[in-house]
Amino acid sequence: MIHFENVGLRYGMGPEVLRDLTFDIPKRSFQFLTGPSGAGKTTLMRLLFMSLKPTRGLIRMFDRDISVIPGEDLPLLRRRIGIVFQDFRLLDHMTTYENVALPLRVRGKDESTYRSDVIELLKWVGLGERINVLPPVLSGGEKQRVAIARALIDQPEILLADEPTGNVDPPMAQRLLNLFTELNRLGTAVVIATHDLSLMDRVNARRMILTDGRLDIYD
Amino acid sequence: MTDPAASTSDSQKRERLITLRPMAPIVPPVNVSGHALMVVISIMSFLCAMTLGAVTMVQEKAEAWQGDISREITIQIKPDDGLDMEAALSEVRTIALSFPGTLSAQIVDRAATARLLEPWLGEGFDIDELPVPRLVIVTIDESAPPDFAAIRQTLADAVPSASLDDHRAWASRLISMARITVLIGVGILALMFATTMLTVVFATRGAMDGNRHIVEVLHFVGAETRFIASEFQKRFLLIGLKGAAFGGGVAALGFLLLGAWQSSTMATALNDQATALFGRFTLSSAGYVGIVGIIILISAMTAVTTRLTVTRTIREIDRQRADPSLAEIS
Chain A
1 MIHFENVGLR YGMGPEVLRD LTFDIPKRSF QFLTGPSGAG KTTLMRLLFM
51 SLKPTRGLIR MFDRDISVIP GEDLPLLRRR IGIVFQDFRL LDHMTTYENV
101 ALPLRVRGKD ESTYRSDVIE LLKWVGLGER INVLPPVLSG GEKQRVAIAR
151 ALIDQPEILL ADEPTGNVDP PMAQRLLNLF TELNRLGTAV VIATHDLSLM
201 DRVNARRMIL TDGRLDIYD
Chain B
1001 MTDPAASTSD SQKRERLITL RPMAPIVPPV NVSGHALMVV ISIMSFLCAM
1051 TLGAVTMVQE KAEAWQGDIS REITIQIKPD DGLDMEAALS EVRTIALSFP
1101 GTLSAQIVDR AATARLLEPW LGEGFDIDEL PVPRLVIVTI DESAPPDFAA
1151 IRQTLADAVP SASLDDHRAW ASRLISMARI TVLIGVGILA LMFATTMLTV
1201 VFATRGAMDG NRHIVEVLHF VGAETRFIAS EFQKRFLLIG LKGAAFGGGV
1251 AALGFLLLGA WQSSTMATAL NDQATALFGR FTLSSAGYVG IVGIIILISA
1301 MTAVTTRLTV TRTIREIDRQ RADPSLAEIS
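Chains as they are written, first to last, in my numbering: chain A, 1 to 219; chain B, 1001 to 1330.
With the rest of the complex left out, here is chain A (with noise of 0.2 Å):
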């Protein structure tokens, strides 16, 4: 599904802050990606994103060769990829309920069509009863909550998630493992960015692990 092969990415004319990255990331799959602060974690999950392109390289996404793909195409690629910021980037004008029904929305799709998954999915990751507050309003678990329920919410084929336990407490953040596995379970493949290495030890899973640009992978 998504293709790296010798990928290198600099800041202007700074070092590589990424080097020689060669993986797949097969369908179905699910990953953890780890390392310590400044391993470029971030960047990495911004370029499976393609909110960056890579310096040198190939990266291929659903069999296209991203470097070619023209822009106004991007948004369509993007809807097949479910992503959680590590800064939530929710709209705080909108509900919680609106927040996670905003990509459905922009696909043009009629409200009456998503209205009970849209509840049921802010059920399941425990915000019933939130549904119709604010961002402002929210703590730090319950935005990450609602950012992961609106990446989730048109059943993507590949989740990114940039630290999506940081802000809850153990009991949510294995609540919303549980979440991520029995959706991997359905499909959709799966890549955690993460420090917690109580969480990575929950799930078998291959582990990715960055360090000073450098990526090993653990099957």
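Just so you know, the hints here were simulated from the structure itself, not pulled from any lab data.
Incorrect hints may have been included.
As the list claims (entries may be wrong) - Okay, derived cross-link-like pairs now, BS3-like style, lysine-lysine, Cα gap no bigger than 30 Å in a straight line:
{"hint": "1", "chain 1": "B", "residue 1": "K1234", "chain 2": "A", "residue 2": "K109"}
{"hint": "2", "chain 1": "A", "residue 1": "K143", "chain 2": "B", "residue 2": "K1234"}
{"hint": "3", "chain 1": "A", "residue 1": "K109", "chain 2": "A", "residue 2": "K143"}
This one's a predicted model, so the numbers in the text were calculated from it and none came from an experiment.
Let chain A serve as the given structure and place chain B on it in line with the hints.
Relative to chain A, chain B alone:
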């Protein structure tokens, strides 16, 4: 033991009980920068509409002057030894009326002539004691004017001291002055318009800056550029329309009220002074149509600028994608 059927029914009941507010618009309703943009648009539309109204009034006034002057000619008879002035006036009047293209001829009588000279000679002077020229005012058909050269020739033969003034010198000066005034007005209007457009463009961009995060989120959740652009365009068109309608409306109302005030206070000192200084504040229907045009144009400008700004913002996001160093800076 719980009855599963009852439990399902409870869950469905709870689902129905969840009330959701109507979906919030994708682009939030007017925020602080939106209010500021609306105020800027109102002020600029007001100034633009006032300038347009003033230019239209000057142009119409100039046309009216031109019409008034070209509608009349004057024949002047200078007193001369042995000239019977009253007979000469009557003869001149008859000659003038004998030419096709003259509609009427009126002798300015002694009393009226005295009144004309009053500012210079004061009241109560004896007109017979002074060699005062006398006038015959001839109204002509503007569309088919008489042959002025033939009138001059006939007058020279019949009353040698009579001279015809067709006001051409006056008219050409006045027309030149009016044209220059209108040109200056159009120049001011063009500057005003350019300023308005630039102000609206920059104010719109400023207001859009505050919404960049929304553009980014929409872009990242898979919204296409034209969808995002149209959502923002709808919101900002409304802001532009409200602001421009308010500014243009106040200007139009101002012209209406000033016109009504002038009509209701005619022959008062203040009105006379104001009319002498600024003319009549009556705006023709063309002026009001122009104001409506300004409102539409400014609203459209706001909407188009918004669309272009959204497209540019998305292009910037994609440019950062191509050049990661830009993303680092941002």
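Against the structure, the hints come out as follows:
no.	hint	in the structure
1	K1234(B) to K109(A)	holds, 19 Å
2	K143(A) to K1234(B)	holds, 29 Å
3	K109(A) to K143(A)	holds, 24 Å
Going down the numbered hints, you'll see the structure goes against none, and every one checks out.
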